Every structure is written in C-alpha cells, then in structure tokens.
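Line by line, the protein sequences are chains A and B. Reminder that position 20 of the first sequence reads as 20 in our numbering, one-by-one numbering, no gaps. Reminder that position 246 of the second sequence reads as 1246 in our numbering, one-by-one numbering, no gaps.
Hints in this document: simulated from the structure, not taken from any laboratory.
Pair ranges (Cβ atoms, derived):
hint: 1; chain 1: B; residue 1: 1188; chain 2: A; residue 2: 196; range: 26 to 32 Å
hint: 2; chain 1: B; residue 1: 1133; chain 2: A; residue 2: 273; range: 32 to 38 Å
hint: 3; chain 1: A; residue 1: 150; chain 2: B; residue 2: 1232; range: 39 to 45 Å
hint: 4; chain 1: B; residue 1: 1268; chain 2: A; residue 2: 150; range: 47 to 53 Å
hint: 5; chain 1: A; residue 1: 138; chain 2: B; residue 2: 1137; range: 38 to 44 Å
hint: 6; chain 1: B; residue 1: 1232; chain 2: A; residue 2: 292; range: 27 to 33 Å
hint: 7; chain 1: B; residue 1: 1198; chain 2: A; residue 2: 271; range: 39 to 45 Å
Straight line, CA to CA, 25 Å or less: simulated SDA-like cross-link-like pairs of lysine to any residue:
hint: 8; chain 1: B; residue 1: 1295; chain 2: A; residue 2: 109
hint: 9; chain 1: B; residue 1: 1122; chain 2: B; residue 2: 1065
hint: 10; chain 1: B; residue 1: 1295; chain 2: B; residue 2: 1107
hint: 11; chain 1: A; residue 1: 79; chain 2: B; residue 2: 1272
hint: 12; chain 1: B; residue 1: 1122; chain 2: B; residue 2: 1231
hint: 13; chain 1: A; residue 1: 155; chain 2: A; residue 2: 169
hint: 14; chain 1: A; residue 1: 307; chain 2: A; residue 2: 185
hint: 15; chain 1: B; residue 1: 1122; chain 2: A; residue 2: 266
hint: 16; chain 1: B; residue 1: 1295; chain 2: A; residue 2: 105
hint: 17; chain 1: A; residue 1: 28; chain 2: A; residue 2: 148
hint: 18; chain 1: B; residue 1: 1122; chain 2: A; residue 2: 233
hint: 19; chain 1: A; residue 1: 111; chain 2: B; residue 2: 1293
hint: 20; chain 1: B; residue 1: 1122; chain 2: A; residue 2: 280
hint: 21; chain 1: B; residue 1: 1178; chain 2: B; residue 2: 1041
hint: 22; chain 1: B; residue 1: 1122; chain 2: A; residue 2: 273
hint: 23; chain 1: A; residue 1: 79; chain 2: B; residue 2: 1276
It should be emphasised that the depicted structure is a prediction, and the values quoted were computed from it without experimental measurement. Backbone N, C-alpha and C define an ideal beta-carbon position, used for all residues, glycine too.
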Amino acid sequence: MKQETQGKEFWFIVGLFIVLLLAPFALKRFYIYLLGLIFVNGLFAMSLNLVLGYGGIFQFHHAVFYGVGAYGTALMITKLGQPAWLAFIVGPLLAAFVSLVMGVICIRLSKLYFGMLQISLGSLVWVVVYRWYDFTGGDNGIHGVTLPSLIASTKGAYYFTFLVTAASLLVMYLIVQSPFGRALQGIRDNPVRSEAVGMHVRLQQLVALVIAGFFAGVAGTLFVVIDNSAFPDMLFWTLSLEIVIMCLVGGWFTFFGPMLGGAIMVALRTFASTYTEYWTLIQGIIFMLVIIFLPEGVLGYILRKLKPHKEVTAKGEY
Amino acid sequence: MDLIASICSPALLCQILVGLSRTTILFIVASGLSLILGVLRIPNIAHGSLYMIGAFMAFTVSKLFGGGTTGFWMAMVLAPLAVGLLSLIAERGIFSHLYEREHLMLLLLTFSFALIFGDLVKLIWGAEYRTLQLPESFKGPIPVESLPIPIYNMFLLIIGPLVAVGLWFLTNKTKIGKISRAAAVDREMVGAVGINVSWVFAFVFVIGCFLAGLGGALVAPIVNITLGMDHTLIMEAFLIVIMGGLGNVWGALLGALIFGLTQSLGILIWPQFGIVFPYAAVVIVLFVRPRGLLKSTW
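Please model the complete structure; the sequences and the hints are all you need to start from.
Set out below in structure tokens:
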C-alpha cells in the first residue's frame, strides 16, 4: 500500500516536471515570469520549513538570508565586477555564513526567545542594508543587474530558476529523509529525550539553520536572475512573516506544502492586484481564515483526507 | 572628551531631550506591548497598526471638534478609547476563542490583523499625509532662556513617567492588576479559584492596546500621519520589550531609554548610520543578557 502511493507520488512529480519543462513554449512571457516567481517564493518557503516545520525552530526573520543571498549576488556583479556564475555561488554561501553567525548567537535560546533575538539581529542587517547608500543603494536597492546572455532572456531565466529549484528540492528532500533529518524531527518532537539519547541538540539545530540559510540564499539569488534587482524590502520583517504564512497555507509538516503555499499566494497576489489595490486586506483575511479553520494547511488537509489512517499533526505540537 | 563637552552644551542637550521626548512615545507603545506579552503571551504584531489607527483617529477627532485646544484634548482622550474599543471587539470576537493555540499561531493571527488594519486605514483615510495642528498653548519653546525645548516635547517628557507609574500602580496595587499577574504565571490556578480569566485577559489586552492608541495620539502632532508609520515602530517597540525583559514594564522604560539615547547620540556622531546604533545596542545587550536586562515575567 505504502509502496503504491509512493509510486503514484513519484509519477505525479515526474509528470509535473515534464509539464513545467515544456510550459514556456505554451505560455506568454508574463506567465513564465510568474512561474519563476512561484519557484523562488516556494523554494524560499521550503527552506524556512526545513527549520520551522521539521526543526521546530522559531526562525522569525528568515527573509534576512533571502535578502543577503540576493544582495550578495547583485553586489558581486554590479559593484565588484565579478563574473555572474561566481556570484551565483557566493550569494548563497554568504547567506549560509550570515546564518551561521546569527545561529551561533541565537541557538542558546529556544522558542519565542530565539525568534525575538533573531528578529533583532535580522533588523540590524536590514538597517545596515537600508542605510548604506554608497554600497547597497539604500532604499532604492539595486536594479538592472546584467546577467550572462545564456540566462538573460525570460526563457533562459525560467529554465535556470526551474532547474536550480528542482535540484535544491531534491537535495532538501534527501536531507529530510537522511538520518540527520530524522534526528532533527526527533529534536522537534522531544528535545529533552533527544539530548538524553546522546544527540548534540544545539549542533544539529545549528546545521539545520545553516542549510536553511543557504537555500534561502539560493532563492534570493534566483530572484536576482528573474528580476535583475534586489531591494531592502527583501530583508524586511513583514516578508519573513508572509513566508511563515506561506508555509502555513500550504501546510508545514508536509514536504511540498510550502511550495504549494507559495504558488497559491503569489498567484492570488498577481491576479488580485490587477483588480484591486487592497491586496493586503485580502491577504490578511485569507491568512486569518487559514489560521482559524485550516491550521494544517491545504496540503496537510488533502493528505489527511486521502490517508485518514496516517496521522498528520494538525495543531503542530512542538 | 570633546564629545562629552559637546553633549553638555545647551543646544545639544536640547536635541537629546527632544529625542528623549520621542522615546516617551516609544515607551508608551512598548509598555502596552509588554503588558500583553507578559500576561497573554501574545506577541502582538498588530500593535503598530493600532498605534497608526490612534494617530489617524486623533486627526479625525480633532477635526470633528474644530481643532484648537478642545479638539486637541478630545483627540488625546477619544482616540485611544476608540482604539481600545476596536481591540475589545477583536479580542472578544476572535482572540478569546483561540487562546489554546500555540504562540506561533497567535503571532501569525496578530500579523493578519496588522495586514487588515493597515489596508483598512488606507481605505478610510487614504494614502495622503495628515497633520494634527497643535493648540496655541503648546506652541513655542518653554520659558527657560538657555533651553529652547518646544513645550509639547516637555509635555511628552512628563507624560511618559506618568504612564509608567500608572501602569505600575495598576499591576501592583489594584486587585485586577494582581489577578492579571497571577494569571500570567498560572492561568489554570487562577481559573480554579473562581475568577473569569477570559475577562481578565480581555481587560489586559484592551489596556495594552489603549496604550498603543495613546502613543499614536500623542505622536500625531509632531509627525506626518501616514500609512506605513506602523512598520518600523512595531519593530522598535519589540526590540525595546525584548531588551528590557518580556513583560516587565520597567524593562520597557529602560529599553526605551537605551534605544532613544543611542539613537540621539548615534545621529550626532555619525549622521548617516545614526539609525543603526540603537539596533546595534539591542544586539549587544541581548548578546550579554539573552533574556533581557530586567527580570522577565516568563
């Protein structure tokens, strides 16, 4: 039975992969861009879910690593004149490094205290980026980042984003399924017992934070690829919470939930924005309804309906 | 030494005092946040929005009463009350049913409120700048030769400590304050001795939000009232509360002082990065004392 459903899931993913691979030939430019944006936001949300859903760590200011990845890449190209391919590697690594530094400082604390300290440190990063006009462009951000000709076109950027996202998802999936991923979930469910059986809880969590920071940095870099720009709002705390809610809408405790949540929110934002200027209001109402009525998220809900015997934690007891 | 000498000069002393008077507003907002965080354990992201609503309400109320002195005082009284009423509706309507949820969910719920309030303000008041005129009696400097501080800023400097003492009195000397402190520590036990904890929570929530509205009303005459004034303020208020110790009103005062002083001094020392200093101060404080300066109620 389990084998069978896994087989189905596998073929579903292969089918989706092929559809997305062929999508640019059928869609208009704008929709290709939109799909790219969905990949970026989805990857970003999934990287957060790695620590928030699987690790039970209150990473409240995840956008910092997204922004650092984007700025790292954009600045390497525009200000330092380095080749773009090098910048694509440096951006995520820089994000992982910032994540390591912040993690070392914050990891002594847990739950809300961790989140609060993380918000303070993240705000420091934000305010530096926001004020450092000479280097980061301040509140104007960086625009018109020139990319290699291979990925400069909309289609090129789409394929690059898609393939990097797919590869990142595969790596993240392997991490979640690895003994390390299992240990992380064990720590989430019962930190005291995990410590007692000999796990180095703080170290495991720190590694998870660095990995999550890295993939958020990848998402930031990909944003530069599809949008050619980076701006300080990418590090602002509101985005961090929006991403938390994307995880929630899609369903944390499910691997693909955050990607689905990202897709739903990005698509809704794009279509709602063409009709009304009060998108934030709609967004707030959607969030509220999801929090009250669907705390396990869309994918969590679907999985629960499909497999009633398999327990999907609804309230998130950690 | 030059720095100290220059700080002691009257002109700069004034600048610092004016800076501190703005800190008072930060304190008032942060103390409300701290109160809610301490008793209800909700990190209320919507607090900043309530502050913004307070400012817009103050503008509207003052206009309704034809501006001037009456309008000003009516705004100072009615705007925070309106915000308190709004928060009571939100608390009774939605929050009170969800206290059993974990903190993260409640935080996200307040965030969704912040989004909704933000757009409702845009819907009602529009995106233009608004200003609240100070009455004549508040204009001009205080009548001391060497210290040209605007009267209104002096007024704020007095209001801040008054609010602090009032809050201390409320939480330590009154019965409801004692009950709410007890509820913060052990909610079930307080319920077991026959007290309706739900209404105690509502009371604390409304008081906290009232303070946010008061902060907004008080800031209205000295800034441009505009959309987005909630975003940076809520972050600053949060940092102050964390720095002072969650739920500790005196901690909020101390945190606000540190935040305000580092900001005023920072702007003197390095104008471009003045805004960075308070954030750096928060990080240093938390690096040394991760749970805040004063004892947290948690």
